[in-house]
Amino acid sequence: MNQSIYQMISFLLNYPNKKMVEILPELQEELEEIENPKVKENIKEFIKLSQNRSLDDWISHYIQHFDFGRLTNLYVTYLKLGEQRERGLELLKLKKYYEAHGFHVTEKELPDYLPLMLEFCGHVPVDISNELLSMHGKAIAEIQNKFNENNSYYRLLFDALFLNMSDNGLTFTVAEESLGGK
Numbered sequence: 014m015n016q017s018i019y020q021m022i023s024f025l026l027n028y029p030n031k032k033m034v035e036i037l038p039e040l041q042e043e044l045e046e047i048e049n050p051k052v053k054e055n056i057k058e059f060i061k062l063s064q065n066r067s068l069d070d071w072i073s074h075y076i077q078h079f080d081f082g083r084l085t086n087l088y089v090t091y092l093k094l095g096e097q098r099e100r101g102l103e104l105l106k107l108k109k110y111y112e113a114h115g116f117h118v119t120e121k122e123l124p125d126y127l128p129l130m131l132e133f134c135g136h137v138p139v140d141i142s143n144e145l146l147s148m149h150g151k152a153i154a155e156i157q158n159k160f161n162e163n164n165s166y167y168r169l170l171f172d173a174l175f176l177n178m179s180d181n182g183l184t185f186t187v188a189e190e191s192l193g194g195k
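For the sequence shown, my numbering begins at 14 and goes up steadily by one.
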């Protein structure tokens, strides 16, 4: 069940649209299968807050936090490498990693896009998802910290994500590594 939580969070981190709004009640039903009460509560609260907004307000909040903030965009290698050449190498490594585990990445999205990473994690065994998330966990934790600082309700999804990662045996301390560009 923990792997399906990655898929749910992946879905909710995508750009809001009418279809997402229509699917939210179904997701609430799926929440009952989640064993960790804190994960369940965080996702449930996120869904409730999303349903209480108009679609336009939800989109505006999403754009404000993901499209205009360097530290809150969803491209995890960008946080550390920006537009440096090394980022291209990291993206290629990620694409090959996905392919080595039977997951095809289209050219529509960069392989370091967090919802794509979480979709992958939802389709592979825990040890494989842990390996991938351990490589990028500090960058994801930095995004989480920014949402906590800004009090965005997207922090609920990141809290649920890290609780799920912990349930899978994975923990991080952001202070271990500076995410500033080198």
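In short, the hints are calculated from the structure, not lab data. The structure displayed is predicted, hence computed values, not measured ones. Just so it is clear, CB atoms sit at the ideal spot from N, CA and C, and this is done for glycine as well. Don't take each hint at face value.
[Unchecked claim] The calculated lysine to aspartate or glutamate pairs, modelled on DMTMM-like cross-linking and capped at a C-alpha distance of 25 Å, are:
{"#": "1", "residue 1": "K159", "residue 2": "D70"}
{"#": "2", "residue 1": "K151", "residue 2": "E42"}
{"#": "3", "residue 1": "K32", "residue 2": "E45"}
{"#": "4", "residue 1": "K53", "residue 2": "E122"}
{"#": "5", "residue 1": "K159", "residue 2": "E54"}
{"#": "6", "residue 1": "K151", "residue 2": "D140"}
{"#": "7", "residue 1": "K151", "residue 2": "E43"}
{"#": "8", "residue 1": "K57", "residue 2": "E39"}
{"#": "9", "residue 1": "K61", "residue 2": "D172"}
{"#": "10", "residue 1": "K51", "residue 2": "D69"}
{"#": "11", "residue 1": "K159", "residue 2": "E112"}
{"#": "12", "residue 1": "K57", "residue 2": "D70"}
{"#": "13", "residue 1": "K61", "residue 2": "E45"}
{"#": "14", "residue 1": "K31", "residue 2": "E43"}
{"#": "15", "residue 1": "K106", "residue 2": "E39"}
{"#": "16", "residue 1": "K106", "residue 2": "E120"}
{"#": "17", "residue 1": "K57", "residue 2": "E42"}
{"#": "18", "residue 1": "K31", "residue 2": "E48"}
{"#": "19", "residue 1": "K159", "residue 2": "E120"}
{"#": "20", "residue 1": "K32", "residue 2": "E122"}
{"#": "21", "residue 1": "K51", "residue 2": "D80"}
{"#": "22", "residue 1": "K93", "residue 2": "D70"}
{"#": "23", "residue 1": "K109", "residue 2": "D70"}
[Said to hold, decoys possible] For each label pair, taking beta carbons as the anchor points, the in silico distance ranges come out as:
{"#": "24", "residue 1": "E99", "residue 2": "R66", "range": "30 to 40 Å"}
{"#": "25", "residue 1": "L102", "residue 2": "E58", "range": "15 to 25 Å"}
{"#": "26", "residue 1": "E45", "residue 2": "E144", "range": "38 to 48 Å"}
Hints and how they fare:
no.: 1; hint: K159 with D70; verdict: 20 Å, holds
no.: 2; hint: K151 with E42; verdict: 31 Å, violated
no.: 3; hint: K32 with E45; verdict: 21 Å, holds
no.: 4; hint: K53 with E122; verdict: 28 Å, violated
no.: 5; hint: K159 with E54; verdict: 21 Å, holds
no.: 6; hint: K151 with D140; verdict: 18 Å, holds
no.: 7; hint: K151 with E43; verdict: 29 Å, violated
no.: 8; hint: K57 with E39; verdict: 12 Å, holds
no.: 9; hint: K61 with D172; verdict: 16 Å, holds
no.: 10; hint: K51 with D69; verdict: 29 Å, violated
no.: 11; hint: K159 with E112; verdict: 31 Å, violated
no.: 12; hint: K57 with D70; verdict: 19 Å, holds
no.: 13; hint: K61 with E45; verdict: 15 Å, holds
no.: 14; hint: K31 with E43; verdict: 19 Å, holds
no.: 15; hint: K106 with E39; verdict: 35 Å, violated
no.: 16; hint: K106 with E120; verdict: 15 Å, holds
no.: 17; hint: K57 with E42; verdict: 10 Å, holds
no.: 18; hint: K31 with E48; verdict: 29 Å, violated
no.: 19; hint: K159 with E120; verdict: 29 Å, violated
no.: 20; hint: K32 with E122; verdict: 20 Å, holds
no.: 21; hint: K51 with D80; verdict: 28 Å, violated
no.: 22; hint: K93 with D70; verdict: 30 Å, violated
no.: 23; hint: K109 with D70; verdict: 37 Å, violated
no.: 24; hint: E99 with R66: 30 to 40 Å; verdict: 38 Å, holds
no.: 25; hint: L102 with E58: 15 to 25 Å; verdict: 39 Å, violated
no.: 26; hint: E45 with E144: 38 to 48 Å; verdict: 30 Å, violated
Checked against the numbered hints above, the structure breaks hints 2, 4, 7, 10, 11, 15, 18, 19, 21, 22, 23, 25, 26 and satisfies the rest.
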